[in-house]
Amino acid sequence: MRNDTICAIATPIGTGGVGVIRISGNDSLIIASKLFRANSGKPANDFAPSKMYYGRLTAEGFADNCLCVYFKEPNSFTGEDVIEFHCHGGVVLLNSIIKAVIDSGARLAECGEFTKRAFISGKLDLAECEGLIDLINAQSEAALTAASDLADGKLSRRIQKLQEVLKELLSYAEVSIDYSEEDIDLADKKHFAEVLIGINESLKTLAKGYSSGKHIKEGVTVALCGKPNVGKSSLFNALLGYDRAIVTDIAGTTRDALEGSYIYKGVLFNIFDTAGIRNSSEIIEGKGIEISKKYIRQSDGAVFLAEDIKLSQEDTEILNLLKGKKHIKVLSKSDINNNKAAEGFDLSVSALSGKNIERLKSMLYQMLIGKAYAGGLILTNYRHYDAVKRAAAIIQNIIEKIDIMYMDMLAHNLREAWETLGEITGENSIESVIDNIFSRFCLGK
Amino acid sequence: MKEYEVIIIGAGHAGCEAAFACARKGHKTLLTSVSLDNIALLACNPSIGGTAKGHLVREIDALGGEMGLAADEACLQLRMLNKGKGAAVQSLRSQTDKYLYHSVMKRRLESTENLDLATMEIVGISVKDNKVCGVINNYGERYIASAVIVACGVYLKSEIITGEYRKSSGPSGFSSADSLSQNLIDLGLNLRRFKTGTPARADGRTLDYEKMERQNGDSDIYSFSFLNPPLNKEQMPCYLTYTTEQTHNLIRANLDRAPMYSGGIKGKGPRYCPCIEDKVVRFADKTRHQVFIEPEGANTAEVYLSGASTSLPVDLQQQMYSTIIGMSNVKLTRYAYAIEYDCIDSLMLDSTLCLKTIKGLYFAGQINGSSGYEEAAAQGLISGINAALYLEQKPPFILSRYDAYIGVLIDDLVTKGTQEPYRMMTSRAEYRIILRQDNADLRLTEKGRAIGLVDDFRWKKFNERKAATDNIMQGLEEKFTAKQTEKLFKDKNQPKFCGSLKLKELLQRPEISMDDLIKYLNVFRGEEKLLLDYAENEIKYQGYLKKEKQLINKMSKLENKSLPLNIDYFSIKGLRIEARQKLDSIRPLSISQASRISGVSPADIAVLMLHLKKYD
Numbered sequence: 001m002r003n004d005t006i007c008a009i010a011t012p013i014g015t016g017g018v019g020v021i022r023i024s025g026n027d028s029l030i031i032a033s034k035l036f037r038a039n040s041g042k043p044a045n046d047f048a049p050s051k052m053y054y055g056r057l058t059a060e061g062f063a064d065n066c067l068c069v070y071f072k073e074p075n076s077f078t079g080e081d082v083i084e085f086h087c088h089g090g091v092v093l094l095n096s097i098i099k100a101v102i103d104s105g106a107r108l109a110e111c112g113e114f115t116k117r118a119f120i121s122g123k124l125d126l127a128e129c130e131g132l133i134d135l136i137n138a139q140s141e142a143a144l145t146a147a148s149d150l151a152d153g154k155l156s157r158r159i160q161k162l163q164e165v166l167k168e169l170l171s172y173a174e175v176s177i178d179y180s181e182e183d184i185d186l187a188d189k190k191h192f193a194e195v196l197i198g199i200n201e202s203l204k205t206l207a208k209g210y211s212s213g214k215h216i217k218e219g220v221t222v223a224l225c226g227k228p229n230v231g232k233s234s235l236f237n238a239l240l241g242y243d244r245a246i247v248t249d250i251a252g253t254t255r256d257a258l259e260g261s262y263i264y265k266g267v268l269f270n271i272f273d274t275a276g277i278r279n280s281s282e283i284i285e286g287k288g289i290e291i292s293k294k295y296i297r298q299s300d301g302a303v304f305l306a307e308d309i310k311l312s313q314e315d316t317e318i319l320n321l322l323k324g325k326k327h328i329k330v331l332s333k334s335d336i337n338n339n340k341a342a343e344g345f346d347l348s349v350s351a352l353s354g355k356n357i358e359r360l361k362s363m364l365y366q367m368l369i370g371k372a373y374a375g376g377l378i379l380t381n382y383r384h385y386d387a388v389k390r391a392a393a394i395i396q397n398i399i400e401k402i403d404i405m406y407m408d409m410l411a412h413n414l415r416e417a418w419e420t421l422g423e424i425t426g427e428n429s430i431e432s433v434i435d436n437i438f439s440r441f442c443l444g445k
Numbered sequence: 001m002k003e004y005e006v007i008i009i010g011a012g013h014a015g016c017e018a019a020f021a022c023a024r025k026g027h028k029t030l031l032t033s034v035s036l037d038n039i040a041l042l043a044c045n046p047s048i049g050g051t052a053k054g055h056l057v058r059e060i061d062a063l064g065g066e067m068g069l070a071a072d073e074a075c076l077q078l079r080m081l082n083k084g085k086g087a088a089v090q091s092l093r094s095q096t097d098k099y100l101y102h103s104v105m106k107r108r109l110e111s112t113e114n115l116d117l118a119t120m121e122i123v124g125i126s127v128k129d130n131k132v133c134g135v136i137n138n139y140g141e142r143y144i145a146s147a148v149i150v151a152c153g154v155y156l157k158s159e160i161i162t163g164e165y166r167k168s169s170g171p172s173g174f175s176s177a178d179s180l181s182q183n184l185i186d187l188g189l190n191l192r193r194f195k196t197g198t199p200a201r202a203d204g205r206t207l208d209y210e211k212m213e214r215q216n217g218d219s220d221i222y223s224f225s226f227l228n229p230p231l232n233k234e235q236m237p238c239y240l241t242y243t244t245e246q247t248h249n250l251i252r253a254n255l256d257r258a259p260m261y262s263g264g265i266k267g268k269g270p271r272y273c274p275c276i277e278d279k280v281v282r283f284a285d286k287t288r289h290q291v292f293i294e295p296e297g298a299n300t301a302e303v304y305l306s307g308a309s310t311s312l313p314v315d316l317q318q319q320m321y322s323t324i325i326g327m328s329n330v331k332l333t334r335y336a337y338a339i340e341y342d343c344i345d346s347l348m349l350d351s352t353l354c355l356k357t358i359k360g361l362y363f364a365g366q367i368n369g370s371s372g373y374e375e376a377a378a379q380g381l382i383s384g385i386n387a388a389l390y391l392e393q394k395p396p397f398i399l400s401r402y403d404a405y406i407g408v409l410i411d412d413l414v415t416k417g418t419q420e421p422y423r424m425m426t427s428r429a430e431y432r433i434i435l436r437q438d439n440a441d442l443r444l445t446e447k448g449r450a451i452g453l454v455d456d457f458r459w460k461k462f463n464e465r466k467a468a469t470d471n472i473m474q475g476l477e478e479k480f481t482a483k484q485t486e487k488l489f490k491d492k493n494q495p496k497f498c499g500s501l502k503l504k505e506l507l508q509r510p511e512i513s514m515d516d517l518i519k520y521l522n523v524f525r526g527e528e529k530l531l532l533d534y535a536e537n538e539i540k541y542q543g544y545l546k547k548e549k550q551l552i553n554k555m556s557k558l559e560n561k562s563l564p565l566n567i568d569y570f571s572i573k574g575l576r577i578e579a580r581q582k583l584d585s586i587r588p589l590s591i592s593q594a595s596r597i598s599g600v601s602p603a604d605i606a607v608l609m610l611h612l613k614k615y616d
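Those protein sequences? They're chains A and B, same order as listed. Under my numbering, the first residue of the first sequence is numbered 1, with each subsequent residue one higher. Under my numbering, the first residue of the second sequence is numbered 1, with each subsequent residue one higher.
Same shape as in the complex, but just chain A (with noise of 0.2 Å):
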């Protein structure tokens, strides 16, 4: 098949110091000779693979030096032909390189599409691929550790094991069926039963882990809350580290909510600044009021902010807001208050002195993060959480069912959970799958 050539520019949208053009395919290398002439005089299709050479890449209009880098198929990202421009950074620049690139015979990459270029020369296997994404849009450390942990294939080893017991079990079962007069010392019904609990124990952790485990991967999202003027966005600066709102002693000076983030323990914290809730008259502080109580609805955790020991109605009409979600009760100004004993409370901090900032914070992590996360594997992709809840369903269906399961009906449910899992080890993915997957690659790489 020839594939055609796709470009891209594989650096972050904005300025920076370094901006990389990636094209991949069969053009690439005649695209490159078009464009770039390196300084020794070489031309681009003489080049020698992986080494970099310096030169001038010329189009219409435009003229810079730039860094030029070819990558033979198959030892390249995509496992094609690859040229890499590294040059100067800047928006303007890169597009205008991309524009005389397309003009040369490239055309734009899909989203998603050097991924899946790769995937497809065998370079990578599903879970690597998605812990690639991952990893790319990691914004986090912890993330990126879930990422590698995928990227590096731990995910699709610890689920090939699990298919391997599996596997063991199921060829118990196939024996008996297949070879029923030969004298052969069969794991009884109670064996299995054992051993799939062991299975279903593993898979439920890994599930488990899953929220945690997405928390780690986007993040998650804390909503400050409270009645107006009592101190969120002090509280939002202070976690912040800097200041992001405006503070002021006129109630309602936050109309839309703010949204800022810090990093704890490698962990992305988005944090929303609410517009104080009250009955309010104004229409667009009302219409503020709307946004914060849909913010609070969506996020995973809030922080619930009072001034006084000593609940107002609106203050407890904020509290039945809360109901059901994970929040943390805080009070706030503690350096104004005097440090009076917050009773009813879960923690008293002050902005101003920065008192207990970090309390707050370690609780927002025990809170939201919990212990799942200890370094352990985690899982943070939709589509490996769905397969492992639908193999621990099925095992579970088994462990209940067990003793009014002919062997027959053991067989085929231990097959469809040992090839349920093989959904995320790739062993047995079918096309949906694989589609499913590549619509959600973004650009990049």
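Derived from the structure by calculation, the hints contain no laboratory data.
With a Cα cut of at most 16 Å, we get these calculated EDC-like pairs of lysine to aspartate or glutamate: (1) B:K83 x A:E174; (2) A:K167 x B:E430; (3) B:K573 x A:D4; (4) B:K546 x A:E416; (5) B:K547 x A:E416.
Using the hints, position chain B against chain A.
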């Protein structure tokens, strides 16, 4: 020069079914063999059926083949295996009178129109412009034919081995065919060497059955063929006995004289059917191995010592067999032997069992690297049907993996190939809850009718059975009240209910069987057991059947994505080298078939799909 439309080389289980199919489809057919005394020879086990094999027999029968009818006629004992393990994997197994089976099959061949039998060794196949045009025999006679089916079993350059003794010979003393191998090589085929073996036969009167476990057949409720009523005849017993530590010690002490270990045997043997030496060495911790004593026929004292095949030298054979419980005075009538033979690489065939490189040249049975009478017969039938369709210039007949075990068998052979004699197993079928032996006729008889192998008699019978089945399924909709089912519910510890329940709702409960419905509610009296089995399974396996049907839907979509035969795999970028080579040599017909080739990864399949999309 004599002229036929089809010539079949070999009159074993494959050759017979192929001959019936071609002749019945109206083609002038010649069936040849080195001896007509080896027609449909049960060269090893005097038994037909068994797990998955019983399914094959039923399927052959449903398509209008012969094996089931002959097996019923020559049956000495019949049992349904796996009764306790679920309906999907139950299989019929019979003890078969090998002499009667041979003569029944010979008589049926003789009375078939358009079919000639001839004793000769075919030494060459003539090919012109990549098309078969005839054969030449050992007397130098030439025959014209547009289709040739090679079904020569284990006879090509076969050698039997017992210890140091080695002789060029076919099984059971029939002569081997030593010339055709070279001709096949000249035609571009790769030959390989496989090995199999058979135990000694003994005079049954010298065994002490008192020391063995007697094994009777089932009471007479089934038969192989859908045309036959449940078998009703006296059955012969088998006996189960065991090897002893003495047996094992003797073998261990003499491994240097066992060709399996001294290097005398180089051919690849089946792992699922090891000789006794192999069992003792590889499973050293087992203190005993099973040996089944099976009758060779109703009119002979000879018995078959199932489970104890060997290639030990004859002096050791005598000693070894007499250490088996109840066999201290055993008189052997025929020594055990291993047999090595040439076979082809089945990956060179397409799904019709035709050689990819020569039109009209078909291969079926053990020559393809399979083992077993039933596997051979199934291939024979399919090759015969396709040879006939080729002559008629009609589209081929291919059963898919979800149509039949036959489909699984042939797809495995031509897609995955085999590194040892291939045996059918239920676990090879991914849709085995659908592919049951109780519904083989419902799955296949209409197809057999369309091909022209199902005659009016069978067609009428099929339609009657189908109507009766529909009737039972309809009957299961009938409602019963709590009062009517009171005793059943009490005996089966079922919770009370109000109103009424349909019979099928009762049957869905694991604790309630079809037999219970008949016994307690007095329904379906007098209906045939096999039909009731079918109905019961359709209800009890409802959820599983639904799931498999969903999977089949998915698979048939991939099955419909056909791959052009002239595709140049080497020019497809992105395919790994191994995949390119495998795809190029196997040339799968569909994406689905390609996905089953070992060495072709899901990534390769994705590349192929992209490639197809591009050229759509």
